[in-house]
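Chains A and B supply the protein sequences, listed in that same order. No gaps in the numbering here: position 222 of the first sequence is 222 in the numbering used here, and each next residue is one more. No gaps in the numbering here: position 160 of the second sequence is 160 in the numbering used here, and each next residue is one more.
Since the hints were made in silico from the structure, they are not lab data. Be aware that one or more of the hints could be misleading.
Given that identical chains are not distinguished, each listed pair holds provided it fits within a single copy or across any two copies.
[To be verified] Derived BS3-like pairs: lysine-lysine, alpha-carbon spacing no greater than 27 Å straight-line:
1) LYS272 - LYS105
2) LYS272 - LYS231
3) LYS105 - LYS267
4) LYS228 - LYS200
5) LYS100 - LYS49
6) LYS272 - LYS241
7) LYS241 - LYS267
8) LYS241 - LYS105
9) LYS49 - LYS272
10) LYS267 - LYS100
11) LYS231 - LYS267
2 protein chains.
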Amino acid sequence: MTVLPAPAELREAIQNHVLDALPSPERAPRAELAEYARLLRDYPQRGGKTLRGMLLCYSGLAYGAELERLLPVAAALELFQHWALIHDDIEDGSDERRGKPALHKLYSLPLALNAGDALHARMWGVLVEARVSYAVLEEFTRLVDRTAEGQHLEMTWMEGQRFDLTPADYLEMVGQKAAYYTAVAPLRLGALVAGVEPPKVLEEAGMKLGIGFQIVDDRLNLSGDPAKYGKEIAGDLWEGKRTLILLHFLQNAAPAERSRAEALLRKPREHKPESEVRWLHGRILASGALDYAQQVAEQLLEQGMTTLRPALMGLPNPAPAQGVLELLQQLVRREA
Amino acid sequence: MTVLPAPAELREAIQNHVLDALPSPERAPRAELAEYARLLRDYPQRGGKTLRGMLLCYSGLAYGAELERLLPVAAALELFQHWALIHDDIEDGSDERRGKPALHKLYSLPLALNAGDALHARMWGVLVEARVSYAVLEEFTRLVDRTAEGQHLEMTWMEGQRFDLTPADYLEMVGQKAAYYTAVAPLRLGALVAGVEPPKVLEEAGMKLGIGFQIVDDRLNLSGDPAKYGKEIAGDLWEGKRTLILLHFLQNAAPAERSRAEALLRKPREHKPESEVRWLHGRILASGALDYAQQVAEQLLEQGMTTLRPALMGLPNPAPAQGVLELLQQLVRREA
Chain A
1 MTVLPAPAEL REAIQNHVLD ALPSPERAPR AELAEYARLL RDYPQRGGKT LRGMLLCYSG
61 LAYGAELERL LPVAAALELF QHWALIHDDI EDGSDERRGK PALHKLYSLP LALNAGDALH
121 ARMWGVLVEA RVSYAVLEEF TRLVDRTAEG QHLEMTWMEG QRFDLTPADY LEMVGQKAAY
181 YTAVAPLRLG ALVAGVEPPK VLEEAGMKLG IGFQIVDDRL NLSGDPAKYG KEIAGDLWEG
241 KRTLILLHFL QNAAPAERSR AEALLRKPRE HKPESEVRWL HGRILASGAL DYAQQVAEQL
301 LEQGMTTLRP ALMGLPNPAP AQGVLELLQQ LVRREA
Chain B
1 MTVLPAPAEL REAIQNHVLD ALPSPERAPR AELAEYARLL RDYPQRGGKT LRGMLLCYSG
61 LAYGAELERL LPVAAALELF QHWALIHDDI EDGSDERRGK PALHKLYSLP LALNAGDALH
121 ARMWGVLVEA RVSYAVLEEF TRLVDRTAEG QHLEMTWMEG QRFDLTPADY LEMVGQKAAY
181 YTAVAPLRLG ALVAGVEPPK VLEEAGMKLG IGFQIVDDRL NLSGDPAKYG KEIAGDLWEG
241 KRTLILLHFL QNAAPAERSR AEALLRKPRE HKPESEVRWL HGRILASGAL DYAQQVAEQL
301 LEQGMTTLRP ALMGLPNPAP AQGVLELLQQ LVRREA
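Kindly generate the complete structure, drawing on both the sequences and the hints.
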């Protein structure tokens, strides 16, 4: 019978594993490399929820893996998140991350880009040092491949001024960009560390839950508590992100309003008048698009949980299986 | 007795392995992903010398590895070069690569950055699919770590307007940034694929030869044949690179000339007057700094070859061992 580690302890254990894998400023042979170490440790030291790493550990424990063998894989998944966010923030021109300036704003774009590459390599370094199986390594190649593909879709829609997109396009894009690494990969990696071939249901349910997570993220971007959210509120409008909320708003807006919104969204960030962004933000909040999106997220949550519950509750370790379900529920029903 | 594959055939075999590992536009499920596949294939399809992959194969054959097991590792090393160049070109603000616009000029910075990340993941994908040993995977984490560290050094010197640098600083920086992945890693990976623990001499000689290679690269940047070089001539001056040639010139320039050169190098690329860049270029060409640099490169070549020759000629397969030596000689004595 596996005892479920307390969430705070588990989070700290993963976090320590991440930081131990990075160069330390104190041991750097020259001042420039102490700065390099500080760049690499910056996002990891900003904290964060460590949700993906924790989900991976609970899934693995439910499947019978030992925590000791799960921690490096969880740390690698968190390192994935760190380097992907550094590069995302550059790509999206984001100003803030977790309540502080984005890394490329704090240092420079070239240094931040390079630090992201170094963290990417450290992600593989942690996996290789832990001698994880090839199946685990393959899952990591899959999760990076899919995230990059989804990221390309989103960016090319923004650059191409595309407004001919449907909710189905959005769901396909965020399935690749966010849901796979947020929910599918952690669930599957847990099983793989336990030496179990992941059942299909993990991907089916994980996609739904991960998409639900991203929809909530999009909602919080427009209506979250600035103190808790850690990123610029309405940043997605400044950046022109094609979210389910925006697509639903545009679909249901009167023609004049739709044209005005599209004209604004076509402008690059630095040419968007603040008053127009405020106008669009207000119109979206008043339109019911947020409620619609939350309903879709709740539906996905329910469908995902209904699919996943029987698969997990049949496993030998019910306490971590219950931990998986609770964590996934929190992912979709969070306020920050 | 191993028959040495002809260079052109070997190059083509490595190149095919690289392209087979990438998504194809024809099989993409939507137009945006066909574009994504084209982005990923762009630098790999520009050709290039494939020197590092070939060096790796010759080294491996000399140590007794089978070509079939060397090709995926050589392809992964070439993929490293492709993603690193895409990101380098962004970091350095380079306009051209192999005679065409840099990827971020052809598409956009966000799309190019993301394509680089995808190629980085494909590099690991090729290694994992080929089920290479953990020792080979560890060597890849090492080569990315070291390259990123060297890249940080170079960029932070440029951003920090540093001119207090010595030839020893330059040698340390290019050892990390270029020599390790260009010469040390290919030599070591060949041995590792053959299941042989690489002798220390491979790193010692590889560092010298790789630094020699980079010095020649810096020289060609200032005095190469534009038709063959494939990058903007004097691009290093526009970008403010701290090369051995520049450091030697500054060290030996009269005070007034040194101040004028430093004032120019402090300016960001877009504020550098073309006439001043031409002036500095002319002064460097006339100063003898290029001859000095070529002498240093020749010395490094001779020292490296003297160290390496006895180690390689004692191996069971003299033909590929000879191939290694010839290729390394070409690296330092090339004109493009």
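Outcome of the hint check:
1. LYS272 - LYS105: Intra 20 Å, inter 24 Å, cutoff 27 Å: intra and inter.
2. LYS272 - LYS231: within (19 Å within a copy, 37 Å between copies)
3. LYS105 - LYS267: both (22 Å within a copy, 20 Å between copies)
4. LYS228 - LYS200: This pair counts as neither: shortest intra-copy Cα distance 35 Å, inter-copy 53 Å.
5. LYS100 - LYS49: Classified as within: same-chain Cα gap 16 Å, cross-chain 44 Å, threshold 27 Å.
6. LYS272 - LYS241: Within. Shortest intra-copy distance 14 Å satisfies the 27 Å Cα cut-off; inter-copy 36 Å does not.
7. LYS241 - LYS267: within (12 Å within a copy, 35 Å between copies)
8. LYS241 - LYS105: both (20 Å within a copy, 23 Å between copies)
9. LYS49 - LYS272: neither (32 Å within a copy, 46 Å between copies)
10. LYS267 - LYS100: within (26 Å within a copy, 29 Å between copies)
11. LYS231 - LYS267: Within one copy only: 21 Å inside a chain, 33 Å across chains, cut-off 27 Å.
Checked against the numbered hints listed earlier, the structure breaks hints 4, 9; every other hint is satisfied.
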